[in-house]
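All chains should be built: construct the whole structure from the sequences, respecting the hints.
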Amino acid sequence: MRKFFEKIVAGLLTCSGFVTSITILLIVVFLFIEAFGLFKSKVIEDGYVLALNKANPVNRLSPSEIKNIFDEEITNWKEVGGIDAPIKVFRLENITEYYSEEDLGEAYELAGDKIAELVQRNPGMIAFIPSQFVKEGSNLHLIKDNNISFKDVIAGAEWFPTATPAPQFGFLPLITGTLWVSLFAILIALPFGLSVSIYLSEVANTKTRNILKPVIELLSGIPSVVYGFFGLIVIVPFIQKTFDLPVGETGLAGSVVLAIMALPTIITVTEDAMRNCPRSMREASLALGASQWQTIYKVVIPYSISGITSGVVLGIGRAIGETMAVLMVTGNAAVIPTTILEPLRTIPATIAAELGEAPAGGAHYQALFLLGVVLFIITLIINLSVEAISAKRK
Amino acid sequence: MTEMNKSAQITSSASNRKRTSQYVAFGLFRLLSLCVVLILFAILGFIIYKGVGVINWEFISSAPREGMTAGGIWPAIVGTFYLMVGSALFAFPIGVMSGIYMNEYAPKGKLVRFIRVMTNNLSGIPSIVFGLFGMALFVNYLGFGDSILAGSLTLGLLCVPIVIRTTEEALKAIPDTLREGSRALGATKLQTIWHVILPMAMPNVITGLILALGRVSGETAPILFTCAAYFLPQLPQSVLDQCMALPYHLYVISTSGTDMEAQLPIAYGTALVLILIVLAVNLLANALRKYFEKKVKMH
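As they're listed, the protein sequences go chains A and B.
Per the working numbering, the first sequence runs over residues 1 to 394.
Per the working numbering, the second sequence runs over residues 1 to 299.
Source of the hints: derived by calculation from the structure; they are not laboratory data.
Just so you know, not all the hints are guaranteed correct.
[As the list claims (entries may be wrong)] Calculated lysine to aspartate or glutamate pairs in the EDC-like style (CA-CA distance at most 20 Å, straight line):
1. A/LYS54 x A/GLU117
2. B/LYS18 x A/GLU202
3. A/LYS144 x A/GLU79
4. B/LYS110 x A/GLU387
5. A/LYS54 x A/ASP84
6. B/LYS172 x B/GLU293
7. B/LYS172 x A/ASP272
8. B/LYS189 x A/GLU6
9. A/LYS135 x A/ASP113
10. A/LYS3 x B/GLU104
11. A/LYS7 x B/GLU104
12. B/LYS189 x B/GLU104
13. B/LYS18 x A/ASP272
14. A/LYS78 x A/GLU65
15. B/LYS108 x A/ASP272
16. A/LYS88 x A/ASP71
17. A/LYS213 x B/GLU293
18. A/LYS213 x A/ASP272
19. A/LYS88 x A/GLU65
20. B/LYS189 x B/ASP176
21. B/LYS290 x A/GLU217
Given below as structure tokens:
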């Protein structure tokens, strides 16, 4: 009887051992399924069509072309492969400029025919109308509504998910924003992190170590909202004043905050790695006449270089994935940054900021999940490389 | 004679160079380390200074009023507490069982390494991805909706890798002789674990859990879409209700307020309460660790 009970418990324990693996699998499944639904979504907003005159040879338009047409940045059909004629934009609300209320009927029943007439009369017109207004047999030539393509998303230079008629889901501004902020953060954090860890592991006496270690632990324990709050109240105005900018919410503010947050990670891992350098090697170097500093940079650091690299890479991973602090201090501009002194947006901040407003199941929602997938893959690569680095060491 | 002098001069200038470069380097390290300490004190000091005037019994125990421009943060404190308890209830059993499996039952080799890689990866995933996953799985797919349940489960997932790692280390620290002695006396593997090993490892495991909970109390991203609400008229009545939470409260109050002047003190107060929780958790964990170290030494 007892043996049976023990078998059950052993089985339970075995199952729980796989909890983490199952969780990762589930994360992959749920995220990927939702995210790749984006590529089955249409370019043009759901329930709408783009109608052209029958004579217009243009058959497809990319999302950015659609946006530029409706923003009136592309004004001639020849720019998108059509004839040389000016583009006339028509949206449903424009209909009252052409027809009166009676012409359209009480519940807009006649609107569909009227719009078809209008498009026929104006060869350069492009109409963005709900699909229910397109009747059978009308002489409208509809733009082929292709699915959002991989290229549109990865190489797209505009992130504008609420644009009509075609929402823009270009990841480039977010990817570059994330990279800029994180790399700058590591640039700032690296000298501090390395100095503190060298100091802690080689130079500091026990009294100093007893002060520094709790300080590092505390720094790593402060929640990221508090860092964001501090950045918002102190760092952002400071940057605004020092660099004489219109707003202080910049990539630099984000980098500074991220640097402080990544410091404990870098310090703990690097110090651990340097501590593992065997005493005999250090003593041999000192016996040969090297000073303590020479020993550090000629013996200890090269020995623990893989640990130091792991620490830095983990710090980068932490910086890339940080959400709240960055969201609060880098401003709200999802554009490709040209300098670090501009507002920008990172991937996690975008997800956090926009998920609440994206209707579940819509293209925006799926695009945000795709961003989550990209983030997941980046952190997976970082974690796996750290594993590879430490495995190589052994 | 002159040659000896020459070589003596060369040696002493070389050692001078060594000495100065060491002074410069170490001085630089000391300076930068001091900067790091100052940064911490600047952050803590700033928030404590600005927040201490706001904290009083009324602030902690009353609900927000007048659209968040007055009143206290009691519901947020309650909500954070519920979330901490919920995630502990979920993460503790699973994490400890998983750690026991990894250390006591699993065949050493590829399997253990694989699971360890998975656990490390899980702990490295950004918290917003957890939030997305929690929303997709608990809120939408399993239909729990925005609730304390969904939030606790998501936060629990965040804690599980930490608990697993602490359990494993705690178990590893127990020498095998104890296990062998217990088996030699006729106990089964399970009895050994339950009566001998686990009680010895518990102190360290609990310390790890406390640290994990401290981290959870400050996490915002996982609860953004799974549970947190900005304002609720009453305290949550069941696990399927939404709750307010301190970090989310701080986030909203400092970024989207209508009356920043009045809301800023509340924001400082919230930040201070959060920091106090973190400080308390760290102190508690450290004190527990020292207490149990002493107990073990005495034996």
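| query | Which of the numbered hints above does this structure break? | reply | 13 and 15
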